[in-house]
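Participant: The primary structure of each chain is shown beneath.
Number of protein chains: 2
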Amino acid sequence: MASSTAAAAQAATPLLKDELDIVIPTIRNLDFLEMWRPFFQPYHLIIVQDGDPKKTIRVPEGFDYELYNRDDINRILGPRASCISFKDSACRCFGYMVSKKKYIYTIDDDCFVSFFPPFHPSINFASVRSVSVKVAKDPSGKDINALEQHIKNLLSPSTPFFFNTLYDPYRDGADFVRGYPFSLREGAPTAVSHGLWLNIPDYDAPTQLVKPLERNSRYVDAVMTIPKGTLFPMCGMNLAFDRDLIGPAMYFGLMGDGQPIGRYDDMWAGWCTKVITDHLGLGVKTGLPYIWHSKASNPFVNLKKEYNGIFWQEELIPFFQSASLPKEADTVQKCYLELAKQVRAKLGKVDGYFNKLADSMVTWIEAWDQLNPPKGAVATANGTAKSK
Amino acid sequence: MASSTAAAAQAATPLLKDELDIVIPTIRNLDFLEMWRPFFQPYHLIIVQDGDPKKTIRVPEGFDYELYNRDDINRILGPRASCISFKDSACRCFGYMVSKKKYIYTIDDDCFVSFFPPFHPSINFASVRSVSVKVAKDPSGKDINALEQHIKNLLSPSTPFFFNTLYDPYRDGADFVRGYPFSLREGAPTAVSHGLWLNIPDYDAPTQLVKPLERNSRYVDAVMTIPKGTLFPMCGMNLAFDRDLIGPAMYFGLMGDGQPIGRYDDMWAGWCTKVITDHLGLGVKTGLPYIWHSKASNPFVNLKKEYNGIFWQEELIPFFQSASLPKEADTVQKCYLELAKQVRAKLGKVDGYFNKLADSMVTWIEAWDQLNPPKGAVATANGTAKSK
Numbered sequence: 001m002a003s004s005t006a007a008a009a010q011a012a013t014p015l016l017k018d019e020l021d022i023v024i025p026t027i028r029n030l031d032f033l034e035m036w037r038p039f040f041q042p043y044h045l046i047i048v049q050d051g052d053p054k055k056t057i058r059v060p061e062g063f064d065y066e067l068y069n070r071d072d073i074n075r076i077l078g079p080r081a082s083c084i085s086f087k088d089s090a091c092r093c094f095g096y097m098v099s100k101k102k103y104i105y106t107i108d109d110d111c112f113v114s115f116f117p118p119f120h121p122s123i124n125f126a127s128v129r130s131v132s133v134k135v136a137k138d139p140s141g142k143d144i145n146a147l148e149q150h151i152k153n154l155l156s157p158s159t160p161f162f163f164n165t166l167y168d169p170y171r172d173g174a175d176f177v178r179g180y181p182f183s184l185r186e187g188a189p190t191a192v193s194h195g196l197w198l199n200i201p202d203y204d205a206p207t208q209l210v211k212p213l214e215r216n217s218r219y220v221d222a223v224m225t226i227p228k229g230t231l232f233p234m235c236g237m238n239l240a241f242d243r244d245l246i247g248p249a250m251y252f253g254l255m256g257d258g259q260p261i262g263r264y265d266d267m268w269a270g271w272c273t274k275v276i277t278d279h280l281g282l283g284v285k286t287g288l289p290y291i292w293h294s295k296a297s298n299p300f301v302n303l304k305k306e307y308n309g310i311f312w313q314e315e316l317i318p319f320f321q322s323a324s325l326p327k328e329a330d331t332v333q334k335c336y337l338e339l340a341k342q343v344r345a346k347l348g349k350v351d352g353y354f355n356k357l358a359d360s361m362v363t364w365i366e367a368w369d370q371l372n373p374p375k376g377a378v379a380t381a382n383g384t385a386k387s388k
Numbered sequence: 001m002a003s004s005t006a007a008a009a010q011a012a013t014p015l016l017k018d019e020l021d022i023v024i025p026t027i028r029n030l031d032f033l034e035m036w037r038p039f040f041q042p043y044h045l046i047i048v049q050d051g052d053p054k055k056t057i058r059v060p061e062g063f064d065y066e067l068y069n070r071d072d073i074n075r076i077l078g079p080r081a082s083c084i085s086f087k088d089s090a091c092r093c094f095g096y097m098v099s100k101k102k103y104i105y106t107i108d109d110d111c112f113v114s115f116f117p118p119f120h121p122s123i124n125f126a127s128v129r130s131v132s133v134k135v136a137k138d139p140s141g142k143d144i145n146a147l148e149q150h151i152k153n154l155l156s157p158s159t160p161f162f163f164n165t166l167y168d169p170y171r172d173g174a175d176f177v178r179g180y181p182f183s184l185r186e187g188a189p190t191a192v193s194h195g196l197w198l199n200i201p202d203y204d205a206p207t208q209l210v211k212p213l214e215r216n217s218r219y220v221d222a223v224m225t226i227p228k229g230t231l232f233p234m235c236g237m238n239l240a241f242d243r244d245l246i247g248p249a250m251y252f253g254l255m256g257d258g259q260p261i262g263r264y265d266d267m268w269a270g271w272c273t274k275v276i277t278d279h280l281g282l283g284v285k286t287g288l289p290y291i292w293h294s295k296a297s298n299p300f301v302n303l304k305k306e307y308n309g310i311f312w313q314e315e316l317i318p319f320f321q322s323a324s325l326p327k328e329a330d331t332v333q334k335c336y337l338e339l340a341k342q343v344r345a346k347l348g349k350v351d352g353y354f355n356k357l358a359d360s361m362v363t364w365i366e367a368w369d370q371l372n373p374p375k376g377a378v379a380t381a382n383g384t385a386k387s388k
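Chains as they are written, first to last, in the working numbering: chain P, 1 to 388; chain C, 1 to 388.
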C-alpha cells in the first residue's frame, strides 16, 4: 500500500513543482519528513535551524534542500539579522525571505499526514512514524494531500466581500447561492491558505491546562474565506501563502530568546496580514487541509511564553480591528511600514516591547528588500536595493 | 426501525416544547409532515395558507396547529394586512407575528429530514414520503434532528467579534484556539440559526439553468458565526430565530402577487436582520442542521420572479454594507424603523418599489406592535398598543 501510494503521488506532475518552497523550522533531525516523502520530495525545502548552529541536523536522503542556521542568517543579513528571532520557531520567516519562489508552504516538524477517520482502530500511530507510510483517506475515499489542497486554495479565488453559506463556491459540486451578488462572483486573489489540525488542537496554555485530554477528531469538509474586516488567529503549523502577494507581511516578530513573549509569532503575522489583505483586496482562506498534530507542547512552558501575550492581545485586537491604512499604501511593503508606525504610536504605551517590535518591523522590510530587490533594481552587496 | 426511532425521539422531553412554534407557509396538503412527525409532533404549528383562502389544506392527524388564510390575515390586521405578501411564501412572516412563543422554526413544505450519507443506495427516496420514516444518521452515527440542532445553536452563544478557526467553540470537543482574546470568549446572544440543505441547493435561476444537475452532497459538520460586518444570503427554507431578540426584523417584504419581485423575501429579511444584529451585538449562526430539499423549483418561473432582484441586489448590498444605525436605536423596532427611513432615502431612486417597501416596513412594525404589545401596555382591539 505504502509504495503504491507513494508511486501514485509521484506519478502525476506535482502542482507548482518549481514555484513553491517548503519552509521548516527545526531544532532536531528531520525524520518526520519520511512520512511526507511522497508529497514533499518533488519540492525544494528551506530548513531554518533554530538554536545552536553547531548542532548538525540530519535530513533524510533524497530531499532537495538548503539549510540555514544562525551563523548563516547573521552572515546574510548582517546587522539586520536582529529582526529574526532566536530560539523560537519564529525564525522560520527567514525562510520566506530567502526563498525565490512565488509560493511558500510552512509546517512544523511535529506534524504528519492527516488520517481519517481519526483514531481509526486499524491505524497504529506508533507504526506510522516508520518508513512504511500508511496514507489514509478523507471521507470521500481519496488520499489526503495537504500540500495539494493548499495549492488548490491558493490558485482559486477567495470571497472576502460577502459570505457564501455553502462554503467555497469554486469547489466541485458547489457554487454561489441565491442572493449572492453577481458582481462579486469573480472573487479576489487568494493570498493565504490556513490549514487545520487533527488530534492535538492549537490551544493556548490555559486551555491546555484545563483540557489536557481534548483531541480534535472532527473533520470539517470545508474551505472558507475569512470575511473582510474579520480578524482570525493564524497558526503557523500548516500554512501556505503567495509570497508575491503578501510575503513581506509574513514577519513572525520578535519572540523567544531575550524577548518577553513567545507563541505569538504566527498570531502577529496573521493580524498584520489580515489588515493588509483587507486593505489590498486580497483573500485569506481557512479550513482544509488537515494535518495530524502529533504532540502537545508543554503547557507550563507555554504559559511562561504566553503570559504577557494573554494580557497584550486584549489591546492588540482592538488596535488591529481599528487599524486603517491610507490609500497611498498600495504595496505590501508600504502597508507594513505604515502599520509599524501605528504600532509605535499606539502600542508603545502598552509595553516598551512594542517600540522594539516596531523597529524590527522596519528592519524586516529592509532585509526583505535587500534579498528581494524590486524588479528593475540592482541589489547591493550590503544594503538596501537601489533603483537602476 | 421507524417506530423505535419515533419512540426514542418522543421519549425524551423535547427541548423548548412550550417555547417554540413551527411556522410553515403552504399552498398544498401537508403530507410532508408525516416525515417530521417524530420531531415536530410535540410542538405547536402555525400554518400560513398562501393563495386562495377557499381551498382546504389537509393537515395530518395528531398535530397541534393553528392555520391562517388570507381572510384571517385581513380580519386580524385590517388595513395593515397590506404588508403581508399574497401568493408568495413570504406570507410566512405573518406566522412570526402571530406567535406568542420566544422561538420560531420555519421550514418549507418540500423539505425533509436529512439523510446521510446522501444518495446512500439503501435509501429509496420515493418510499421515504410514506409513513414509514427512515431516519438516517449523521457521520457520527446519530439520528439527525434538525429542530434540536437549531435549538442548540440558539441556546449557545455566538462569536461575531473574532473568528474561531475550529468553528463553534461551544461544541463538544471544541474550544477557542490559541490567540482568541479571553475577553471575547463569553460570546454574544444568538438571535438566528440558519440551516443548510442537502440534495437541491438554494441556487438562483441563472445558476439553476446553467447547472440543472448539480446536487449538494457535501455534509459539512460545522456551525459557525457569521462575523460582525459581514452580510450573507439568508434562506428561509430551514431557519430558526429568537423572536424576543430579533422577531420584528424578520419581515419578508412585499413579494409575489402585484409586486415586481419574488424570491428575495428571505434575503431582504436576512440583510435587515444582519445589520440590526450587528448593531445590537447579537449573533447569527449558519451551518448545521441540514434538511433534505427534495425538489428544485422551476428555473424559468424563478427567473421571472428574480429578474429585477438580480439587478437591484447590486445596489442593495452596498446599501446594507454601509448602513449605520444611531446609538438611540436600542430596540429592534427602532432599528427597523430607522432602516425603513434609509431605504426610502437611498433606495427610492433605484426603483419606486422601494418607497412602497419602506412604507410596508413601517406598517409591519405597527402590525407587530399591535399583536405584540410591549409589556406594561394594553393592546387595543384595532390599533397600536397604548402604554398603560
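FYI, nobody ran anything at the bench for these hints, they're computed from the structure. Keep in mind that a hint or two might mislead.
Chain copies aren't distinguished; within one or between two, either way the pair holds.
Below are the SDA-like pairs computed for lysine to any residue, each with C-alpha atoms no more than 20 Å apart in a straight line [what the hints assert, rightly or not]:
(1) Lys54 - Gly256
(2) Lys304 - Phe182
(3) Lys356 - Asn29
(4) Lys211 - Ala174
(5) Lys356 - Pro157
(6) Lys211 - Glu186
(7) Lys295 - Asp175
(8) Lys346 - Asp31
(9) Lys295 - Ala174
(10) Lys55 - Tyr68
(11) Lys211 - Pro181
Participant: Under a CA distance limit of 20 Å, which applies to Lys356 and Asn29: within one copy, between copies, both, or neither?
Facilitator: Classified as neither; 33 Å inside a copy, 71 Å across copies.
Participant: Is it within, between, both or neither when you check Lys346 against Asp31 at 20 Å Cα-Cα?
Facilitator: Close neither inside one copy (44 Å) nor across copies (63 Å); limit 20 Å.
Participant: With identical chains treated as interchangeable, where does the CA-CA distance between Lys55 and Tyr68 reach 20 Å or less: within a copy, between copies, both, or neither?
Facilitator: Cα proximity of Lys55 and Tyr68: one copy only (12 Å, versus 80 Å across).
Participant: Is it within a copy, between copies, both, or neither that the alpha carbon of Lys304 lies no farther than 20 Å from that of Phe182?
Facilitator: Answer is between: at 17 Å across copies they meet the 20 Å cutoff, but 50 Å inside does not.
Participant: For Lys211 and Ala174, with the copy left unspecified, which applies at a CA distance of at most 20 Å: within, between, both, or neither?
Facilitator: between (36 Å within a copy, 10 Å between copies)
Participant: Can you tell me if Lys211 and Pro181 fall within 20 Å by alpha carbon in one copy, between copies, both or neither?
Facilitator: between (43 Å within a copy, 18 Å between copies)
Participant: Is it within, between, both or neither when you check Lys356 against Pro157 at 20 Å Cα-Cα?
Facilitator: Classified as neither: same-chain Cα gap 36 Å, cross-chain 38 Å, threshold 20 Å.
Participant: Classify it for me, Lys295 with Ala174: is the Cα-Cα distance of at most 20 Å met within a copy, between copies, both or neither?
Facilitator: Result: close only across copies, 17 Å inter versus 35 Å intra.
Participant: Can you tell me if Lys54 and Gly256 fall within 20 Å by alpha carbon in one copy, between copies, both or neither?
Facilitator: Classified as within; 19 Å inside a copy, 77 Å across copies.
Participant: Treating 20 Å as the Cα threshold, decide for Lys295 and Asp175: within, between, both or neither.
Facilitator: between (37 Å within a copy, 18 Å between copies)
Participant: Go through the copies and call it for Lys211 and Glu186: within, between, both or neither, with a Cα cutoff of 20 Å.
Facilitator: Answer is between; shortest inter-copy Cα gap is 18 Å, intra-copy 42 Å.
When held up to the earlier numbered hints, the structure conflicts with 3, 5, 8 and fits the remainder.
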